[in-house]
Amino acid sequence: MAATRAAPHACEIFTSLEYGPVPESHACALAWLDTQDRCLGHYVNGKWLKPEHRNSVPCQDPITGENLASCLQAQAKDVAAAVEAARTAFKSWSAQPGVVRGQHLTRLAKVIQKHQRLLWTLESLVTGRVVREVRDGDVQLAQQLLHYHAIQASTQEEALAGWEPMGVIGLILPPTFSFLEMMWRICPALAMGCTVVALVPPTSPTPLLLAQLAGELGSFPGILNVISGPASLGPILASQPAIQKVAFCGALEGGLRLLIQESVWDEFMRRLQERMGRLRSGQGLDGAVDMGTRGAAACDLAQRFVHEAQSQGAQVFQAGDVPPKSPFYPPTLVSNLPPASPCAQAEVPWPVVVASPFRTAKEALAVANGTPRGGSASVWSERLGQALELGYGLQMGTVWINAHNLRDPSVPTGGCKESGCSWHGGPDGLYEYLRPSRTPIQVSCLSKNMNYDTFGLAVPSTLPAGPEIGPSPAPPYGLFVGGRFQAPGARSSRPIQDSSGNLHGYVAEGGAKDIRGAVEAAHQAAPGWAGQSPGARAGLLWALAAALERRKSTLASRLERQGVELKAAEAEVELSARRLRAWGARAQAQGHTLQVSGLRGPVLRLREPLGVLAVVCPDEWPLLAFVSLLAPALACGNTVVMVPSAACPLLALEVCQDMATLFPAGLANVVTGDRDHLTRCLALHQDVQALWYFGSAQ
Amino acid sequence: YNFCGRGLSKYLSWISKIQVNHPAVLRRAEQIQARRTVKKEWQAAWLLKAVTFIDLTTLSGDDTSSNIQRLCYKAKYPIREDLLKALNMHDKGITTAAVCVYPARVCDAVRALKAAGCNIPVASVATGFPAGQTHLKTRLEEIRLAVEDGATEIDVVINRSLVLTGQWEALYDEIRQFRKACGEAHLKTILATGELGSLTNVYKASMIAMMAGSDFIKTSTGKETVNATFPVAIVMLRAIRDFFWKTGNKIGFKPAGGIRSAKDSLAWLSLVKEELGDEWLKPELFRIGASTLLSDIERQIYHHVTGRYAAYHDLPMS
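If you're matching them up, the sequences are chains A and B in order.
Just so we're aligned, residue 1 is where the first sequence starts under the UniProt record's numbering, counting upward by one.
Just so we're aligned, residue 1 is where the second sequence starts under the UniProt record's numbering, counting upward by one.
Some clues are possibly wrong.
Pairs of lysine-lysine, DSS-like flavour, derived with a Cα cap of 27 Å [what the hints assert, rightly or not]:
| hint | chain 1 | residue 1 | chain 2 | residue 2 |
| --- | --- | --- | --- | --- |
| 1 | B | Lys39 | A | Lys114 |
| 2 | B | Lys263 | B | Lys40 |
| 3 | B | Lys137 | B | Lys223 |
| 4 | A | Lys362 | B | Lys17 |
| 5 | B | Lys282 | B | Lys223 |
| 6 | B | Lys39 | B | Lys282 |
To give an idea of the interface, some chain B residues facing chain A are shown, with a C-beta separation under 7 Å as derived from the structure [claimed, not checked]:
| hint | residue |
| --- | --- |
| 7 | Glu41 |
| 8 | Ala44 |
| 9 | Leu48 |
What the hints contain is simulated information worked out from the structure, not anything from laboratory work.
No residue lacks a Cβ here, since even glycine has one placed at the ideal position from N, Cα and C.
Take the sequences, apply the hints, and build the full model.
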């Protein structure tokens, strides 16, 4: 009984009052691995798939290094089989009414609840993360996600009428990830009616367990398929013709940056170091530790980072009750790192924290926004006004005030800049997996002859091609940049032909320098335009619509020269004006929303303009497409650089004349020229926030 | 250490600028409870240690010498002998830290402890406990009388109206007077945090109490609607730590009211261990004001030793 064993111990513990281990047994995880004979395959279409003749990779416990199981590495054939299964499942799954899908998701949530101990034990054992984090955080949030999206699914027919699910979604996950990240992407996809094929690295069996739980629900076996395989299969998955969209999740480092105001620097450092001394690190399955481990590779990465930081002159402080050998790395605080050093720009690995001082709020913003990462941040201050100002100014996906890392299924998460361009969760996140009804399905094709290096480099030279026959006065010659027509940097032109093959006119040939100038002009106009009230923006768009109508006859005759009938041409002009007005109205209606979610405190969703948008217009509908793409970008507060239709940019130039008088300089810039070349320039330009491309398949 | 004249006003101006970030404290409070647990023999050892921190308290209108006598006996023998023997702790002299009673019952308590052959201190509440709304003159006289009767520890309540109106200097003066009236006796200052209104006020009151010479700061009387909670405790512990960093003096901490289960007591022990460290886990610097807590701890130890759950009648009442 406990009595005799406790005897020698109790006295010592009485004096020392140390913490003992509180281990959670991982017997259930091992038992599950045993059901698969410690050899895990793929889970496709509701069944385990173990194809022959495949390599296998061991899955190891990150702390002890012992082999837990071996996982098969997939090959291209397996990927194709999984995608086919998902595609067949999609037909029936998307045809279900939303309520049925919602109920299915709720059943999945209940199954997770019943098996949660197995789930968290397996995850903690395999990834080395602290069991408390997985149990109280991840698993609960996973269930909440399922419930939230079940409700979204059941109201989908009314709330999202006019949108239909995209199809089969491919999901590519990085070597170190939590199954929660997978859930953030799977739940909205399944709820909206898509089916999923997930490619996971072979060292994480948790997604396979999840797929098994989903498959055992019975009714829709093929909606979630999991293949374990190397990252090189990613492009193969993406190029499958049935895959409509690929969600890519990159590797996330877990380190943090701290910005501390100088006046409280000393006091803060002292307190932080004191607190670090109390952290305990140990086996993930121990209930009383603060931190687990993320494997030997992560430990090495952290060590290298710290050494480099030290060699650049930083001070390093390490503390905490940590087992000395790898793969445990003590919590580390790095300070006095010179901001220009390479370490200051790199991502901070876990469990390192880099602290830097700042003097004023403005400086803090400059430092925080000065990195290419834009995931999330938290601001701590007692003064609400100042905290909100900082919150508005930070270019991050999510900003928490006086809190950190609060997640809720109804609040969208995403990032800015290099941290990502998609949003998950909340009503906005659903649109990631939807597209407007009745749009044609695009078959993706991976061009085998695609050579990124040479794409769009060469510019065909232009020679005089015959007399210009056109209505006079011809539109002004030049590129419309910075509010006026300028000559192109390359000083050459290209001919534009009308529908009968005659020369319609010459337009300027834009090049890399012109793109650069255009983007700069757009950036200069951006803050002013973003700061305009929605009403002002609406007013400008309406003024442009009126100007178009005044110009109707010129525009119609130009369209006629391109082979459009007069009636159709006039209709096109009217439709363009109407679209401008419609977007103007939307600009006024758009606003920020205040949301109440399960978290403590309200959530403010700000719709911010992206910045500078580049748009490459399609060849067809030279006027309508131009206007239809210009209007939404401007309505939301962005400035644009546009490459108009290659077939007939003259119409765009006509519109530019009106823009010259109505719009502030730099708001909209139009660069004509070789489309491929300009697209290349825009894509390679790192200060363009987004690029809309409607050109060729290449 | 003696704060007077310019030194005092400098400290007072520093204190008045302090602000406590409420959401951060709440978050830390939630974390503490979830992050540390102890099981098996560690739990048994910790519970025994917790027993040695208890100020066994009885503050009811119907206290008489008979229940005081029972209480003092329980203070000397808090856990059943055979259970202690099973843990090999029967010869370590495990008793509670003190016995806490109303001033009128101090004589009874001293007599009962003497008869039991025990030198545990007797703590008396004073200064118009629990509301403190009596004249200063009578409050000071209460302290003197209790000390005369044999109390070696005095638990005073501060004047909440001074805190709520921001009269920090007046608060400092009052507590200094209490200190003088105590003489050699140990002074515990009760802040009545449930009535102070905000965490910032709690921090400031803690600082003033420590500057004025308290040996302990105590969260509450146990008679308010909200007594000892983790957020308030975190603020007070941080104040103690800051005071130690500034002056080198270690002041003790006592939560009181609402601590009823053994599990709670373990959470409090780990809170102090996390925030202040092992040096504060001694009866000289940490007390728990409780009455029914002791029986719950005894039941837990019974379960650890025998593997069975005891009924109430299996263990001696206090």
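Tested hints:
Pair hint Lys39 of chain B plus Lys114 of chain A holds up; C-alpha atoms about 26 Å apart against a cutoff of 27 Å. For the given pair, Lys263 of chain B sits about 13 Å from Lys40 of chain B by alpha-carbon distance, which is consistent with the 27 Å threshold. Distance hint between Lys137 of chain B and Lys223 of chain B is fulfilled; the C-alpha atoms sit about 24 Å from each other, no more than 27 Å. Pair hint Lys362 of chain A plus Lys17 of chain B holds up; C-alpha atoms about 24 Å apart against a cutoff of 27 Å.
Taken as a hint, the Lys282 of chain B and Lys223 of chain B pair is honoured in the structure, with Cα atoms around 26 Å apart against an allowance of 27 Å. Annotation: proposed proximity of Lys39 of chain B to Lys282 of chain B holds, straight-line Cα distance about 21 Å (limit 27 Å). Residue-level restraint check for Glu41 of chain B holds (minimum Cβ-Cβ distance to chain A is 4 Å; threshold 7 Å). Look at Ala44 of chain B: its Cβ gets to within about 6 Å of chain A, closer than 7 Å, so that hint holds up.
Of the supplied interface hints, the one on Leu48 of chain B holds, with its beta-carbon coming within about 6 Å of a beta-carbon of chain A, less than 7 Å.
When the structure is compared with the earlier hints, no violation turns up for any of them.
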